[in-house]
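Let's have the full structure, built from the sequences with the hints guiding it.
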Amino acid sequence: MSYLALDQVVKRFGAHTVIDGVSLAAEQGEFVVFVGPSGCGKSTLLRLVAGLEEVSAGDVHIAGRCVTDVDPAARGVAMVFQSYALYPHMSVRQNMAFGMRMARAPKPEIERRITEAARILQIENLLDRRPRELSGGQRQRVAIGRAIVRDPKIFLFDEPLSNLDAELRGQMRIEIARLHRTFGATMVYVTHDQVEAMTLADRIVVLRAGRVEQIGSPAQLYDSPANTFVAGFIGSPRMNFLTGRVAGLEDDAVRIEHPAVGGVLRVPRRAARAIEVNAPVTIGLRPEHLTLAEAPARLALAGDFAENLGATSQLYAQAPTGETLTIQVPGRESVARGEALQVGFDPARVHLFDAGGQAI
Amino acid sequence: MRRPLGRGLHGLGLLLTLVFALFPFYWMVSSSFKAQADLLASPPVWLFRPTLDHYAAIWADQKVTTAVVNSLVVASLTTLLAVVLGTPAAYALARFEFRGKADLWFWFISNRMISPIVLALPVYLLARQAGLLDTYLVLVLIYLTFTLPIVVWICTDQFRAIPPDLEQAARLDGARQFDVFWRIYLPLGAPGIAVSAIFSFIFSWNELLYALVLTRRDVQTAPVVATSFMSGYELPWGKIMATGTLIVLPVTIFALLVSRHMIRGLTMGATK
Numbered sequence: 002m003s004y005l006a007l008d009q010v011v012k013r014f015g016a017h018t019v020i021d022g023v024s025l026a027a028e029q030g031e032f033v034v035f036v037g038p039s040g041c042g043k044s045t046l047l048r049l050v051a052g053l054e055e056v057s058a059g060d061v062h063i064a065g066r067c068v069t070d071v072d073p074a075a076r077g078v079a080m081v082f083q084s085y086a087l088y089p090h091m092s093v094r095q096n097m098a099f100g101m102r103m104a105r106a107p108k109p110e111i112e113r114r115i116t117e118a119a120r121i122l123q124i125e126n127l128l129d130r131r132p133r134e135l136s137g138g139q140r141q142r143v144a145i146g147r148a149i150v151r152d153p154k155i156f157l158f159d160e161p162l163s164n165l166d167a168e169l170r171g172q173m174r175i176e177i178a179r180l181h182r183t184f185g186a187t188m189v190y191v192t193h194d195q196v197e198a199m200t201l202a203d204r205i206v207v208l209r210a211g212r213v214e215q216i217g218s219p220a221q222l223y224d225s226p227a228n229t230f231v232a233g234f235i236g237s238p239r240m241n242f243l244t245g246r247v248a249g250l251e252d253d254a255v256r257i258e259h260p261a262v263g264g265v266l267r268v269p270r271r272a273a274r275a276i277e278v279n280a281p282v283t284i285g286l287r288p289e290h291l292t293l294a295e296a297p298a299r300l301a302l303a304g305d306f307a308e309n310l311g312a313t314s315q316l317y318a319q320a321p322t323g324e325t326l327t328i329q330v331p332g333r334e335s336v337a338r339g340e341a342l343q344v345g346f347d348p349a350r351v352h353l354f355d356a357g358g359q360a361i
Numbered sequence: 006m007r008r009p010l011g012r013g014l015h016g017l018g019l020l021l022t023l024v025f026a027l028f029p030f031y032w033m034v035s036s037s038f039k040a041q042a043d044l045l046a047s048p049p050v051w052l053f054r055p056t057l058d059h060y061a062a063i064w065a066d067q068k069v070t071t072a073v074v075n076s077l078v079v080a081s082l083t084t085l086l087a088v089v090l091g092t093p094a095a096y097a098l099a100r101f102e103f104r105g106k107a108d109l110w111f112w113f114i115s116n117r118m119i120s121p122i123v124l125a126l127p128v129y130l131l132a133r134q135a136g137l138l139d140t141y142l143v144l145v146l147i148y149l150t151f152t153l154p155i156v157v158w159i160c161t162d163q164f165r166a167i168p169p170d171l172e173q174a175a176r177l178d179g180a181r182q183f184d185v186f187w188r189i190y191l192p193l194g195a196p197g198i199a200v201s202a203i204f205s206f207i208f209s210w211n212e213l214l215y216a217l218v219l220t221r222r223d224v225q226t227a228p229v230v231a232t233s234f235m236s237g238y239e240l241p242w243g244k245i246m247a248t249g250t251l252i253v254l255p256v257t258i259f260a261l262l263v264s265r266h267m268i269r270g271l272t273m274g275a276t277k
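Same order as they appear, the protein sequences are chains A and B. Residues 2 to 361 in my numbering are what the first sequence lists, from first letter to last. Residues 6 to 277 in my numbering are what the second sequence lists, from first letter to last.
Think of the hints as simulated: they come from the structure by calculation, not from any bench. The beta-carbon is built from N, C-alpha and C at its ideal position, and this holds for glycine as well. Hints are supplied without guarantee of correctness; some may be wrong.
Over the 12 angstroms line for every Cβ pair with chain B, so calculated as not near, a few chain A residues [what the hints assert, rightly or not]:
(1) Glu31
(2) Glu54
(3) Gly59
(4) Asp72
(5) Tyr317
Beta-carbon label-pair distances, calculated as ranges [said to hold, decoys possible]:
(6) Arg265/B x Ala64/A: 46 to 54 angstroms
(7) Gln123/A x Gly105/B: 50 to 58 angstroms
(8) Ala220/A x Leu109/B: 44 to 52 angstroms
(9) Ser39/A x Gln182/B: 55 to 63 angstroms
(10) Asn126/A x Leu109/B: 44 to 52 angstroms
(11) Asp184/B x Asn126/A: 28 to 36 angstroms
Shown next, in the form of C-alpha cells:
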C-alpha cells in the first residue's frame, strides 16, 4: 500500500458535500500538491488527512495504518498553517518545543532537535523572540521549524506562502523545495497558485467542487490535460479556447473546422475518446505555443492590444467568432486595434475537447 | 462661526455631565472632612476647616473594620469563583457547538435584565430555608449570579477572537482539550479575564441590596454598615460620609489605574 492513501473519502457539512469520493495515493518521499480554485475542497482534504476534520465516509491510511479514527496528534503528521498559527505568548523556542513537551520528550532531546531545525532554517538567532517580533518570512520559517522538530511521517502545508509578498514567496518556495530534497520527507501541499504547484510537485492533484479532476506530474498535466478545467487551470497565461466543429475523423487524427483556421485543420489525437463528425469541439491553444513567425498552421485574428512584460509580450486578439485569444511572444511586440494578425501554431500542440469538456 | 459654537456646546454638555456625575462624589468626600456644625449648616458651607474626626471615629468602630474585611472576603471569593467557573464555560461557548447553546447564551445575558429587587424576597426565603442567612456562602452564591455572566460574557468574546488555527495547531502538537484551554486560551485570554475579574470585584464590593437583605451581624459588608448608621435617633452624616469614602476610594483608584483595560473590556464584541 502507498505511504499516504485516501480511499473514497467523503466529507459533508450538513447537506453540503465538500469532498465527494476522493481517492488518491502518495508514495514515501513524494511531494504531492493539491491545487484548485477557492472553495474546491483542497484545504478540507488536507485537514481530513491531518485529522482536524472527521471523514463522513471512506478511509485515510498513513504508513500502512488506517488512521481514519485516530487522533490528529497520533497520526504522525505536522502541519504548517496559512496563518502560521504560532502561539503568540510563547517564544520561538517554546513554540518549537510545544509538541515534544506535550509528548513528554526528554529535555536534552527537545533541545537537540530545536537546535538542529534552527540551524537548517537559519533561525538560531530568533529562538528567544516572540512571534510578533518576527517578519512574515521569519514566522513562516518558525512554523516550518515547528513541523520539522516533530519529525513527522508526513508534512502538511496549507497555502503556506499566500501571506507573503511576491519576492519572499519565491524565496520560500525554493527553500521548501530544498527542505524536501534534504529530508526526503513525504509532503502534501495545498495551494491555489499553479506556479507553486508546477514548481514544487512531484505529482499534482487538481480538484474542483470536491472531486479530483486529474492526478499527474506537472508535465503530464501541462501536456495532456484531461479536460478543459485542468487545461485552463494549469499553465500561465491561461489556455485559449475556441469552439469549432468536427469535420472528419481519421484513425489517429481529427479534422476540425473553425473560421479562424480558414478551412479544415488536421489535429493528432491525444486520447481515445469517441467523437462524431459534426459534433462541436473545443480547440485549446496555449498562448506560448502561438507565434508571429512562420508555422505549419495559421489563425486569422484581429489585433486588440498588447501588454509588454519586458522579456515577453502578451498580445490580445479576437477570432472572427468573437473569442479573445492571448498570444505570448518573445520581445516587445505591439499591435494596433483591428490590425489583421496571422498567428502561427503547430497542430501537434493543439488540444481537443468534446462537448462535455473531456480530452479527445 | 458654527464650529467654535458647536465645540463650546459640546464642552458645556461635557461639563454638565461631569458635574452631575462627580458632584455627589465630591459632596461625600468633602462632607467626610467637615465638622458636625459645618455639615448641618444651611446654606451649605463651601470653605471649611477640615477634620479627620469622623475617620478616627469609624477607625475605632470595630463594626466598620470588620465590615471592610467581610467585603474583601466576599468580593475576593466571588471573583475567584466567577473566574474559575466562568472561563471554562466561556471556552465551551466560544468554541463548541452543542444543543441549547443559544438559549444558554441568552440566559447569561438576559439575567442582567432582571431587577435584583424583584428577586430579593424569594432569595431571602430560600436562604432562610437553607439556613444560609448571614453567611459568606449566601453572599458569594448570590453575587455569582451576576458576576458569572459578566465573566462568561467578556471571556467568550475574548476567546472567540483567538484564531481557531492555534487550537488546531495545538491539537496536532498533541495537546488534549484541557491543555488547549490551559496553555493556549487562558494565557491569550488574560486581558479579558483580568477585565472580567475587575468588574466582578467592583460589583461584589459595591453591592448593597442583597447584603442588606441576607446579612444580620456576622458578615455585614461595608455598604451595609454605612447605611446602618442611618437608623436610630440621629444621622451621623460625618461617619456615613467617611465610611462611604473609605468604601469607594480603593475601587475608584483601582478603576482609574486600569481604566484603559476596562474600556477595552466594555467594548469587547462591539466591533469585529
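Hints, one by one, checked against the model:
no.	hint	result
1	Glu31	holds, 21 angstroms
2	Glu54	violated, 10 angstroms
3	Gly59	holds, 21 angstroms
4	Asp72	violated, 8 angstroms
5	Tyr317	holds, 41 angstroms
6	Arg265/B x Ala64/A: 46 to 54 angstroms	holds, 53 angstroms
7	Gln123/A x Gly105/B: 50 to 58 angstroms	holds, 52 angstroms
8	Ala220/A x Leu109/B: 44 to 52 angstroms	violated, 57 angstroms
9	Ser39/A x Gln182/B: 55 to 63 angstroms	violated, 31 angstroms
10	Asn126/A x Leu109/B: 44 to 52 angstroms	holds, 49 angstroms
11	Asp184/B x Asn126/A: 28 to 36 angstroms	holds, 30 angstroms
When each numbered hint is compared with the structure, violations occur for hints 2, 4, 8, 9.
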